[in-house]
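**Q** With the sequences and hints as input, model every part of the structure.
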Amino acid sequence: MAASDFSRLIAAAADTIAAHAEELTALDQAIGDGDHGLNMKRGFEAVRAEADAFAAKPLPEALKGVGTKLVMTVGGASGPLFGTLFMALGKELPAAPDRSGLTAAFGKAIEAVAARGKSQPGQKTMLDVLQPVYEALAQGKTAGEIADAADKAAETTVPMRALRGRASFLGDRSIGHMDAGARSTALLVRAVAGAIEGN
Amino acid sequence: MSNVGIVIVSHSPLVAEGTADMVRQMVGDEVPLAWCGGNGHGGLGTSVEAIMGAIDKAWSEAGVAILVDLGGAETNSEMAVEMIGEPRSHKIVVCNAPIVEGAVMAATESSGGASLKEVVATAHELSPS
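Same order as they appear, the protein sequences are chains A and B. Heads up, the final residue of the first sequence is numbered 1366 in our numbering, and it's a clean run with no missing numbers. Heads up, the final residue of the second sequence is numbered 137 in our numbering, and it's a clean run with no missing numbers.
Among the hints, erroneous ones may be present.
Straight-line distance between alpha carbons at most 27 Å, and here's what the computed DSS-like set of lysine-lysine pairs gives [unchecked claim]:
1. A:LYS1275 <-> A:LYS1224
2. A:LYS1258 <-> B:LYS99
3. A:LYS1258 <-> A:LYS1275
4. B:LYS99 <-> A:LYS1285
5. A:LYS1224 <-> A:LYS1285
6. A:LYS1224 <-> A:LYS1208
7. A:LYS1285 <-> B:LYS125
Please keep in mind that the hints were generated in silico from the structure rather than gathered at the bench.
**A** The structure is reproduced here in structure tokens:
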């Protein structure tokens, strides 16, 4: 991947998080502690500020750098969770990945996120988006189809009862709200898919 | 100092500092002790960077036991341990125990020269299993 392409991915991710920060915070206010939008925005703006330095590195190192930056700046439980996603992707991806290399690395990264959060799909978390995205990747879907799958997957968290995170304290009252982490994951997937399709 | 270090991680700096005060008063200064709390931006929360700093401050060759409050404190502490990396990460344990009682009991055990394993086991005894 060319350095300018990686910078463009970072810009697309940071743009979508900034544009939806209030929506993410509103989702988190419903069933969490109400800081998700602000936290994610702070993290992705910190990544954007160093985009050129990340982009100058080989792809695995760049992703690890992004992940570490998110861990240090997002805060909350989201920092380690989103940070782990990028750090694990960086660890698992070859320098010039093809679709099967990307799919395998994404699968490993999801396992790392699940281990970090001691969670699994079906518990109203970002994993409920990551898992269908992995399946769409494995089935050879286009970038646009993968983004659609992510949006649909985020919707499926609405009727779920939260079993992990702050929302789990609410029990049945968590039902009827979309998980904020699932929503931000779907936003990031669409941003990355859009940037890749724009090539 | 060769006694096991104790790190207190709360979402609230007031809770973390207050817990550390209780440990100091009840156990004394024989135990390396550090605390952190807050998200680093003036709000409630925990920060991986601050946790890594607290681990450094309370570092002991005998190891470090971390006491946490709510879920995010545990996730962030585990992340901090991983980022500190080997070989030190093998000597750091995030305890499953109530933060105040766990910190006081772990520090009491540590002050007597107990191993990291013994300190952690003492804290874990406080948790209903």
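**Q** All the hints need checking, so say for each whether the structure fits it.
**A** Verification of the hints:
1. Among the hinted pairs, LYS1275 (chain A) with LYS1224 (chain A) is consistent with the structure: their alpha-carbon atoms are about 22 Å apart, no more than 27 Å.
2. For a cut-off of 27 Å, the pair hint linking LYS1258 (chain A) to LYS99 (chain B) stands: about 24 Å separates their Cα positions.
3. Restraint check for LYS1258 (chain A) and LYS1275 (chain A): the C-alpha separation of about 9 Å stays at or below 27 Å, so the hint holds.
4. Proposed proximity of LYS99 (chain B) and LYS1285 (chain A) is supported: the alpha carbons are some 22 Å apart, at most 27 Å.
5. Proximity of LYS1224 (chain A) to LYS1285 (chain A) is assessed by CA-CA distance (about 31 Å); at most 27 Å being required, the pair is judged violated.
6. Taking the CA atoms of LYS1224 (chain A) and LYS1208 (chain A), the gap is about 23 Å. The hint holds against a cut of 27 Å.
7. Restraint check: the Cα-Cα separation between LYS1285 (chain A) and LYS125 (chain B) comes to about 23 Å, which is no more than 27 Å; the hinted pair holds.
Violation of the numbered hints given earlier is confined to hint 5; every other hint is satisfied by the structure.
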